[in-house]
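From just these sequences and the hints, can you work out the full model?
There are 2 protein chains.
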Amino acid sequence: MHFNELNPPERLLLGPGPSNVNPRVLKALSSPLVGYMDPFYLKVMDETKDLLKYVFKTKNEFTFPIPGSGMAGMEAALCNVIEIGDEVLVCVNGFFGERMNELVLRIGGIPIRIDAGWGKIITNESVEEALKESNAKAIAIVHGETSTGIQQPIKELSKLAKSYDALLIVDAVTSLGGCKLDIDAWGIDICYSGTQKCLNCPPGLAPITLSNNALYAIQNRKTKIQSFYLDLQLINKYWTEERVYHHTGPISMTYALREALRIIHEEGIENRLIRHSRNSQAFIKGIEAMGLEMHAQENYRLPSLNTVVIPKGITDVNVRRMLFDCFNLEIGGGLGMLKGKIWRVGLMGRNSTEKNVILLLEALERTLRKEGYHKSNSGVGAAIDFYDST
Amino acid sequence: MHFNELNPPERLLLGPGPSNVNPRVLKALSSPLVGYMDPFYLKVMDETKDLLKYVFKTKNEFTFPIPGSGMAGMEAALCNVIEIGDEVLVCVNGFFGERMNELVLRIGGIPIRIDAGWGKIITNESVEEALKESNAKAIAIVHGETSTGIQQPIKELSKLAKSYDALLIVDAVTSLGGCKLDIDAWGIDICYSGTQKCLNCPPGLAPITLSNNALYAIQNRKTKIQSFYLDLQLINKYWTEERVYHHTGPISMTYALREALRIIHEEGIENRLIRHSRNSQAFIKGIEAMGLEMHAQENYRLPSLNTVVIPKGITDVNVRRMLFDCFNLEIGGGLGMLKGKIWRVGLMGRNSTEKNVILLLEALERTLRKEGYHKSNSGVGAAIDFYDST
Numbered sequence: 001m002h003f004n005e006l007n008p009p010e011r012l013l014l015g016p017g018p019s020n021v022n023p024r025v026l027k028a029l030s031s032p033l034v035g036y037m038d039p040f041y042l043k044v045m046d047e048t049k050d051l052l053k054y055v056f057k058t059k060n061e062f063t064f065p066i067p068g069s070g071m072a073g074m075e076a077a078l079c080n081v082i083e084i085g086d087e088v089l090v091c092v093n094g095f096f097g098e099r100m101n102e103l104v105l106r107i108g109g110i111p112i113r114i115d116a117g118w119g120k121i122i123t124n125e126s127v128e129e130a131l132k133e134s135n136a137k138a139i140a141i142v143h144g145e146t147s148t149g150i151q152q153p154i155k156e157l158s159k160l161a162k163s164y165d166a167l168l169i170v171d172a173v174t175s176l177g178g179c180k181l182d183i184d185a186w187g188i189d190i191c192y193s194g195t196q197k198c199l200n201c202p203p204g205l206a207p208i209t210l211s212n213n214a215l216y217a218i219q220n221r222k223t224k225i226q227s228f229y230l231d232l233q234l235i236n237k238y239w240t241e242e243r244v245y246h247h248t249g250p251i252s253m254t255y256a257l258r259e260a261l262r263i264i265h266e267e268g269i270e271n272r273l274i275r276h277s278r279n280s281q282a283f284i285k286g287i288e289a290m291g292l293e294m295h296a297q298e299n300y301r302l303p304s305l306n307t308v309v310i311p312k313g314i315t316d317v318n319v320r321r322m323l324f325d326c327f328n329l330e331i332g333g334g335l336g337m338l339k340g341k342i343w344r345v346g347l348m349g350r351n352s353t354e355k356n357v358i359l360l361l362e363a364l365e366r367t368l369r370k371e372g373y374h375k376s377n378s379g380v381g382a383a384i385d386f387y388d389s390t
Numbered sequence: 001m002h003f004n005e006l007n008p009p010e011r012l013l014l015g016p017g018p019s020n021v022n023p024r025v026l027k028a029l030s031s032p033l034v035g036y037m038d039p040f041y042l043k044v045m046d047e048t049k050d051l052l053k054y055v056f057k058t059k060n061e062f063t064f065p066i067p068g069s070g071m072a073g074m075e076a077a078l079c080n081v082i083e084i085g086d087e088v089l090v091c092v093n094g095f096f097g098e099r100m101n102e103l104v105l106r107i108g109g110i111p112i113r114i115d116a117g118w119g120k121i122i123t124n125e126s127v128e129e130a131l132k133e134s135n136a137k138a139i140a141i142v143h144g145e146t147s148t149g150i151q152q153p154i155k156e157l158s159k160l161a162k163s164y165d166a167l168l169i170v171d172a173v174t175s176l177g178g179c180k181l182d183i184d185a186w187g188i189d190i191c192y193s194g195t196q197k198c199l200n201c202p203p204g205l206a207p208i209t210l211s212n213n214a215l216y217a218i219q220n221r222k223t224k225i226q227s228f229y230l231d232l233q234l235i236n237k238y239w240t241e242e243r244v245y246h247h248t249g250p251i252s253m254t255y256a257l258r259e260a261l262r263i264i265h266e267e268g269i270e271n272r273l274i275r276h277s278r279n280s281q282a283f284i285k286g287i288e289a290m291g292l293e294m295h296a297q298e299n300y301r302l303p304s305l306n307t308v309v310i311p312k313g314i315t316d317v318n319v320r321r322m323l324f325d326c327f328n329l330e331i332g333g334g335l336g337m338l339k340g341k342i343w344r345v346g347l348m349g350r351n352s353t354e355k356n357v358i359l360l361l362e363a364l365e366r367t368l369r370k371e372g373y374h375k376s377n378s379g380v381g382a383a384i385d386f387y388d389s390t
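Chains as they are written, first to last, in my numbering: chain A, 1 to 390; chain B, 1 to 390.
Hint data in this document are derived by calculation from the structure and do not stem from the laboratory.
Hints are not guaranteed to be accurate.
No distinction is drawn between identical chains; accordingly, a pair holds when it is met within one copy or between any pair of copies.
Simulated pairs of lysine-lysine, BS3-like, Cα-Cα distance not exceeding 25 angstroms [unchecked claim]: (1) 57 <-> 155; (2) 43 <-> 339; (3) 224 <-> 137; (4) 237 <-> 43; (5) 237 <-> 341; (6) 237 <-> 339; (7) 162 <-> 339.
Structure representation (structure tokens):
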């Protein structure tokens, strides 16, 4: 057995995540370790929490990163609240809504599905109807559907949830730090995310925040949570003054997350959202000028994840391989039923730039031409026109 | 809100973990990210798997790191195998045995406790007796009890387990890479560890390995595993040729783990174990020369975690604070019922050196003297004598 020194290629990561990480974050990641109860680390935890509250726009004290990927966030959000036999409205309009349904089933809850087409939003009417006809303890919905590129409106849903006394659980894995999300103003009860998308931190942590209502529901469970690892009350005891040992904290990853959030704080979350929106708009102008079509419903598109319908006669894998081989550039293919049908273009955090939009459009244009797709209008030209005019 | 650049102090981490990390590992950790399905990353995964098999001494194909801390390893080991109503023999002689018991209860299993004093091993006789009187599906036991410093003999237990058709689940969080552990030769069915102890990698991943018997038990469950995140068969599909998406892989941490394992492979696992044993022996010679007592039962002491009884009249916290303030040196206090009663001294992986043993004994001697503890014999002298004579 022989193993070489690690020497990864430098990719431009414009897929569904991970996104590229600021060298400052990599530097923080590789800082010397201290103990998991070291006063220095406890301060890092406190600051990370403050920064997460800033990015989530919340005053919730119950806010910290779970030591696992975004999937661990989804599982924690659901399994801490739902007990066997609880009804849960599960909104399914993509791969991750489907997964929420699977998780509710495993936990022993009774999922009541609200289905919409992949690439469409869930309507308030369909949720209200389901609320009327059920005794739902919670509504589970995806804010930024990474599989379809849909940005789900949340604010009105939240009012509905409150009027029917249901908790609102929101997946913000692909939206936090890149799309408007306002936990307190919108009244979201549980919201989780991942580090590797718009936060530009390596994958491995799942920021989560809980309202007092959510906490009350957990504190008043009749049965213990099956998972010890994802028991949010126990994790919280490590993240608050009690500092009770639950697991050995992911020191290095927390260093990295703190730095990634510090960068967001320096830019200002509002500036960051404007930047995401602008670059996504430019990209869409370019795509449409090239005669291509966006997959996600208009007016509800995620600026951080842009889905493009693969034109007829073009083979998904060929295009992605060419982008990869010639430009060291990764974009995502479709997930689940959209495999081979769409491309998923992540413009996440620091990857949401004019430079990347123009490079990608140029690369895509050239690649499609080689594959026999010809349209007279230039995508790059349209994007540049957009930038110049705004 | 203002947040400074991260600038951690440089600690010598001789507590229960994390241990200090080789700069090579920190360099790997901070390498550029690639996508979680990037051919480069898939190769890193394959190599990490091969290296884990080397360190675990196993041919088990079902070997990979779980994306969570050692606690996630414990939970995955138990919740994948145990179904509601299953009897499990849980060996409890420390904090982590107690935790296994708690987990079995949460999962809905029926724990049958085998208790021994904290600091004592679990005897084969007590296990055989319990096996006779029960219908246990599995035995759960800790190989290296981080709370007591006990190294549990496993080989004979494994034979017992087989003769009663029970799976053997072993916690090797503090032993893997520092203590003799031979998955295949000993016939262990499930074994998990953590990255931050004798592997000298930051905390956040939990290597695990499963025998065919364990896999068979999982495949023949009557009910679905409640946890999706810790569903080992699903994680395995990402770690084998199928490459089915389950979660976004913890790219950076896997880079780091591969490098940490590569360093172990370069040293050779056998050399590494000899080194651990030698330095632990020297440390014990020094401690005993100073008139102090080891907590863990003789002949069954973990070389990677050495427990020292705090002498009468000495205040735990004062000593640890002085070591911390004057030497930037962390040792651990007692956990659970041993709080204030013992110190836990980790000599893990690259921290198991002559230099660290001598420094720690010297620092401890000086600190104890300041606290009013006087013995004529020099701990450092005894350790040096040991080194010189072996």
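So which of those numbered hints doesn't the model satisfy?
-> 7
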